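Given chain F, work out where chain E with the ligands should sit, using these hints.
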Amino acid sequence: MSKVKKIVKNIRVDADKCNGCRGCEIACSAFHAEPKYSSVNPARSRIRVLTNRLKDIWLPVFAGEYTPTECAGRDIYTIDGKEYEECAFCRAACPSRDMFKEPDSGLPLRCDMCEGEDEPLCVKWCLTNVLVYEEREVWVEEETEEMKQEELHVGLESLADKYGRDKLMDAVARMNAKD
Amino acid sequence: MRYAEIGYYLEIDLATGNIEKVESDPELTELYLGGLGTSVKQHWDRVPPEVKPFDDENLLIFSTGLLNGTPAFSANRTVVSFVSPQSELLAYPMMGGFWSAELKHAGYDKVIFSNKSPDWVYIWINNDKVEIRDARHFKGKGSLEVQDLIREELNEPNAQVAAIGLAGENRCFTASIEQSRSSSSRLGGGAIMGDKKIKAVAVRGSKDVHLARGAEFMELMEEVKKYINFRNSNPIPGVMTILSGIGSPQEMLHTDEKWHTEGFAWGNARKRRKNFWTEEIEKAWTGTQNTAIKRFISCYNCPQQCGALIDYPGVPRYMMKCFSKLTYGMAAYVDNLEFGFKIVQRAQEYGVDAFSTPQILAFAVELKDAGILTDKDFEGCPPDEDKEGRFVWLLDRLVNREGIGDILADGTYWAAKRIGNGAEEFAHNNIKKHEQLPIKLGMLDPLYYLMYATNEKISITQIEGNWPQAPFPKREQREQFVKEWPQVPDERFKEWLLEWEPRGEKSIPHYPPPPMASEIVDWMEMIHNIDDALGLCAGMASFCLKPPYHINNLPQLVSAATGMDVDRDELKRKVNRSRNLHRAFNNCRGMTRADEKPPEDHWRHRFPELEEELLSTYYAFKGWNHDGIPTRERLHELDLDYVADELEKRGILKDVQG
Ligand code: SF4
Ligand code: SF4
Ligand code: SF4
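Chains F and E, in that order, give the protein sequences. Here the first sequence is numbered in the numbering used here, starting from 341 and rising by one per residue. Here the second sequence is numbered in the numbering used here, starting from 583 and rising by one per residue.
Just chain F, same shape as in the assembly:
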C-alpha cells in the first residue's frame, strides 16, 4: 500500500506559563472578523482561556468539532491538586455550553489553524510563549476505495447496533425519498 506525506499542524500549550491575559482570544476574533481585523470579540474566538483565578487555573482550549448532542457522561479531572470544571478539556461546540459558538447566531466555531497565515494568530500574539506552533511531517497510508468502504461499513454497523436494522433501513429510505 502506498504512503503519502502529510503536514500535521500542532500548537503546543504550556498552560503553566499562561498569565491569563486573553490576548490569544482577542487576536483570534480580530483575525476571523469580516473584513479581517474590523472588530474584536473574544466571545467569537476559537480559543478560550478557562479561568479560575484563585484555583490557579488558566487553561487555553481550542475549538474542535461541532456536536449536536451533549455527552451523557461527564468527567471532572483533578490534576496536581487542581480540580478542573466539567468538560474543561473538551474542544466541542456542544449544546451544553456557550463556548465556541457565534454569540448571535449560535453557529459553531472551529479552529482552522488560521488557514493561509504562516503562523496562527493566537501564537503570534501570545508574547509569553504559552502557545508554540510546530509543523510535523507524517507519512500516512493513502486512503483507498477499499478503506473508505470499510469505514462506511463500520459506521453503518454501529448505527444498526444502536437503532436496529429496520429503523436504519427506514431512515435510509426516507433520505432517498427526500432526495
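Keep in mind the hints are simulated off the structure, nothing from the lab. The structure displayed is predicted, hence computed values, not measured ones. Every residue, glycine too, gets a C-beta built ideally from N, C-alpha and C. If a hint is listed, it holds; no wrong ones were tucked in.
Straight-line C-alpha distance at most 20 angstroms; calculated SDA-like pairs for lysine to any residue:
(1) E:Lys876 <-> F:Gly421
(2) F:Lys422 <-> E:Asp893
(3) F:Lys395 <-> E:Leu736
(4) E:Lys876 <-> F:Asp356
(5) E:Lys876 <-> F:Leu399
(6) E:Lys711 <-> F:Glu442
(7) F:Lys464 <-> E:Glu798
(8) F:Lys395 <-> E:Arg928
(9) E:Lys1088 <-> E:Arg1060
(10) F:Lys464 <-> E:Asn814
(11) F:Lys395 <-> E:Asp730
(12) E:Lys876 <-> F:Asp396
(13) E:Lys876 <-> F:Asp354
(14) E:Lys789 <-> F:Asp438
From chain E, some residues computed to sit far from chain F (all C-beta separations above 10 angstroms):
(15) Lys603
(16) Val633
(17) Pro700
(18) Lys711
(19) Pro819
(20) Gln832
(21) Thr860
(22) Gly869
(23) Ala952
(24) Asp959
(25) Phe960
(26) Pro1095
(27) Asn1135
(28) Glu1230
Quick look at chain E with the ligands alone, frame taken from chain F:
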C-alpha cells in the same frame, strides 16, 4: 457606526431603580477622547460645586477608555470617578484587570450611577439585560470573596466583578474597589460605592468592538509588539532594577528590595533605614516571597505580568500587585516579609487602599506614643511589643469604624482635625488631604515639586514616568540613554538630559530651571492624561522609562482605531482640554494655589523663592493665572468658553485678562 467606543452610556438611578441606555454625543469624543476626559465632562455638567461627597447628587462613574476592547496591549483600565470624601475634589483612581473590556463587549462605554439605593444591591450587566439585584445576603463579605459568590449566584463563571468589602460598606475614606487582581484604590471610591449601597457591579459581554481601520491598527500594533519584546529583553542599564523594565513595577518578580526598604521612609512616613537591606534580610525575604508566589498573572490583554496569585501558608489565596507587600510592614516597623503577605490578604478583603491605610495606622501608633491618643482609645489592643498584632487590631477597628477606628477611618487629615490636641502635626505627609508615598529626601527636586504640588491625580506614582528620576552620573551613560529615545516629544529634551548632572551648577534644585521643568512636567502629565483617556496601563506608557506607547505612536493608533484624524498636536489639545476642565471643576470646589503644596518635610532642603518661581512659571506655561485657575484666554483656545463663563459667574476667575 462608532469605532473603538460603543457610543452608549448606561445610566442607573439607584433611588428609583430606573435603568437607561443612553446614546452618547460623538462630538464629546472629538473633544475629550474618552475615559477620564469624557467622564470629567459628565461631572462638570451634572455635579455642581455645592454637592458634597455623600450627597445623592454625587455621581459615581465607571468608565472604559477609548482603546479598551481593541487589540491594543494593556488597554484595560477602568477609570472610576467621583467627588472624593477625602479631598472633596474630583478623584479618578483606576484599576486594571478585566472589567472594562467586558463592559465594552456588553455594549457600554460608561456606567453612571446617580442617587442612592435604599438597601444593599449589586448590579448585573449582561449585554442588554441589566438588573439591580438584592445584595443583602452579601453584606459583610470580603471584596474578593464576594466576586466568586456573585459568579456562582449568577452561574456565570466569566462575569467580571468589581466589589467593595467592609471598608466600603462603612464608608471609610480609604476604601477601595477591588476586581480580580486589581483595585481602584485612592481617595475613597469604595466609600462612595458603599454610600450608594452598591456592593458590586458584575458584567458580562459578548458584542463586537469595531475598529475603523483594523488592518492598519494591527500593523501599528505589530511595531508596538516588537518594541515590547525588545524592552523585555533589554532592561535599561544604570538605573535601579525596578525602574529598568516596562509594565507596572515588577514587585512580584523582583525580590531585591534594597531600594524601597532603604530609600522609602518607615513608620508614619518618618525614618529611612539606610542599612536595612543586609544579606540576612535578603535571604529571608527572598525565601518568603518565593514561598508566597504561586503564579505571575497579568491584566486583560497584557503581555507583562505584574501581579501574582498568592498562596501563603495559613492565608486564604488572593492576588497581589505592586508595592503593597511592603507598605504595611514598613509602616509597622516589622522586619519580616511574612507580615506583608498576611495582612494584605485581610486588608484586601476589607477593601482598603494599601498606600494610605498603613500610614493611618502608623499615625495612630505615633499619636499614642505622643500621649495624644490614650490607653483608653487602645483598649483591647495587643501590647506595643506585638507590632503586627497592634496593626491588625487597628485595621479591624478602622474598617469597622469601631471606637478610635471611626475617627481613623476618615484618613489622617480629617482624623487629626477631630482629635485635635496637636494631632495635626502628625498628619504630615498629605497633599490636598491625601496621604502620599512615604518618601523623605534631602534636596528639593524641581520636577517632583511641580508634579506633587499641581497634579489633579494627587498621587505621584501616577504622574511621573518618562523622564528619569535622577541624572545619570556619567556623560557616556546619558549619551547612551538618549541615543535610542523615540519617546521624546522634541529633540531638545535629549539635550536637557545630557546636561543634567548629579552635582554642581546643573543639578537639582536649580536644574532643570523652571521653564524647562515646566515643559518636562507637562510632557509627563500629558502622557498620563492620554493613558487615562484611552484606558492604557500607565506601566506601558506614562509611568516607565522608554515605554512602548508614546506621543509619537499614540496619535496613529487612535486614528486607526477611531477613524478620527488625530495628530500629535490634536491629541495633546484634547487631553489638555479635559485637564483644564478637571482643574476648573476643582477650582470651583475651592482649590487654589494655597493647596498646591508638597508636605513640609518632603525634602530637608527647601527653597521657598525658587518654589514660588517654579509654580508661577508652570502656571504661566499652562495658561493659568497666579492662583492656578485657567485663564479665559486659555479656556477660549480650548473651546471651553462655557467654563470661563462659569468661573467668572462664580467669582473664581476675576481677572478677565488672566
Ligand atoms: S495569550 Fe498566552 S498567556 Fe495570554 S491567555 Fe492566551 S495563552 Fe495565556
Ligand atoms: S490557530 Fe487561529 S483559528 Fe485557531 S485558535 Fe489560534 S488564532 Fe484561532
Ligand atoms: S503592565 Fe502590569 S499592571 Fe499594566 S496592564 Fe500589564 S499586567 Fe496590568
